[in-house]
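We have chain B; now place chain L onto it with these hints.
Here is how the chains run, residue by residue.
Protein chains: 2
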Amino acid sequence: MIAVLRLGHRVDRDKRITTHVALVARAFGAEKIFITTKDVKIEKTLASICSRFGSDFRVESGVSPSSILNHWEGSVVHLTMYGTQLSTALSQLNTHDNTLVIVGAEKVPRYIYERADFNIAVGNQPHSEVAALALFLDRFTQGQWENHSFHGQVEIIPTERGKKVITHDTEC
Amino acid sequence: MIAVLRLGHRVDRDKRITTHVALVARAFGAEKIFITTKDVKIEKTLASICSRFGSDFRVESGVSPSSILNHWEGSVVHLTMYGTQLSTALSQLNTHDNTLVIVGAEKVPRYIYERADFNIAVGNQPHSEVAALALFLDRFTQGQWENHSFHGQVEIIPTERGKKVITHDTEC
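Chains B and L are the protein sequences, given in the same order. Our numbering puts the first residue of the first sequence at 4, with every later residue one more than the last. Our numbering puts the first residue of the second sequence at 4, with every later residue one more than the last.
Worth double-checking, as some hints may not be accurate.
The list makes no distinction among identical chains, and a pair is therefore deemed to hold if it is satisfied within one copy or across any two copies.
[To be verified] Straight-line distance between alpha carbons at most 27 angstroms, and here's what the computed DSSO-like set of lysine-lysine pairs gives:
(1) Lys41 / Lys167
(2) Lys44 / Lys18
(3) Lys47 / Lys18
(4) Lys41 / Lys166
(5) Lys110 / Lys41
(6) Lys166 / Lys47
(7) Lys18 / Lys167
(8) Lys18 / Lys41
(9) Lys166 / Lys110
(10) Lys47 / Lys167
It is worth saying that the hints were derived from the structure and are not from the lab. The structure presented is a predicted model; accordingly, all values stated were derived computationally and were not measured.
This is chain B alone, in the form it adopts within the complex (with noise of 0.2 angstroms):
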């Protein structure tokens, strides 16, 4: 299983863009995002966007790092934009283990990145936490999302022009 470690959110400059990054992991493949700092309302968001496009994917906010560290039986990847380059980092991965992937907001702790078994770049160069995320899993998963069913209430249907949206029946 792959999740996901947000660090140093901040509740009120962060709320988009970690709303993006727990977003994007339910997307490309994860199953569950941890947040460093309670924020009920980004668990809202996205248990709103698993009831509707389906899922079961997990967010758990207000969660110690150490100990997520401290407990995790598997590899952990560390995005930042001073690591290896990911697809010489690739090839050292083993796809089948279980895997965290670390992605930060303010400064990162050096101690993470001692922790980490791999400092990952997607690019030397500054940009996103959501697009490096984005692309790791891209690449970890083999594009596998571009074909995942999620089975959820509302399928969007690939269009040329405009919307196609099925709403399936569901019983309660």
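Relative to the frame of chain B, chain L by itself:
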């Protein structure tokens, strides 16, 4: 050349997401971003990044989308979760064309769906325009970002632990 058109930017609400969109555009191969609302702060942020990390990526904010679209000579791609699957769409795109990539913030007007040559979905799940743009540019440029040199004053050297940063002397 590739340019990005950011629609519906709301200065307060979207400042960080639009900054990430602009940084992703620069890092993954676009030469320019048009933003439909004037935002001097984002212009300054990107100018600062370019002066340190290199490239002459340009930001033009406060533009009229219809004016850009009327004068654009090349293909117009609109990224939307309702569009055609990315892998299907890519085979129809000419990567040598000038390409304008549209990403929306708030609800995108109907005429954009009509005007676009291609409405393309980076997955038909709700996630993030930042991630959608990164993955589209990655595929469209065939991953050239990973070996692109920006010739910046500041250069990050990929490393397994910690941070290796070179600052090149430049004469002013």
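Here's how the hints hold up against the structure:
| no. | hint | verdict |
| --- | --- | --- |
| 1 | Lys41 / Lys167 | neither (36 angstroms within a copy, 33 angstroms between copies) |
| 2 | Lys44 / Lys18 | both (9 angstroms within a copy, 20 angstroms between copies) |
| 3 | Lys47 / Lys18 | both (12 angstroms within a copy, 23 angstroms between copies) |
| 4 | Lys41 / Lys166 | neither (35 angstroms within a copy, 30 angstroms between copies) |
| 5 | Lys110 / Lys41 | within (19 angstroms within a copy, 29 angstroms between copies) |
| 6 | Lys166 / Lys47 | within (26 angstroms within a copy, 37 angstroms between copies) |
| 7 | Lys18 / Lys167 | neither (30 angstroms within a copy, 30 angstroms between copies) |
| 8 | Lys18 / Lys41 | both (11 angstroms within a copy, 23 angstroms between copies) |
| 9 | Lys166 / Lys110 | between (40 angstroms within a copy, 12 angstroms between copies) |
| 10 | Lys47 / Lys167 | within (26 angstroms within a copy, 40 angstroms between copies) |
In terms of the numbered hints stated before, the structure departs from hints 1, 4 and 7, listed from lowest to highest.
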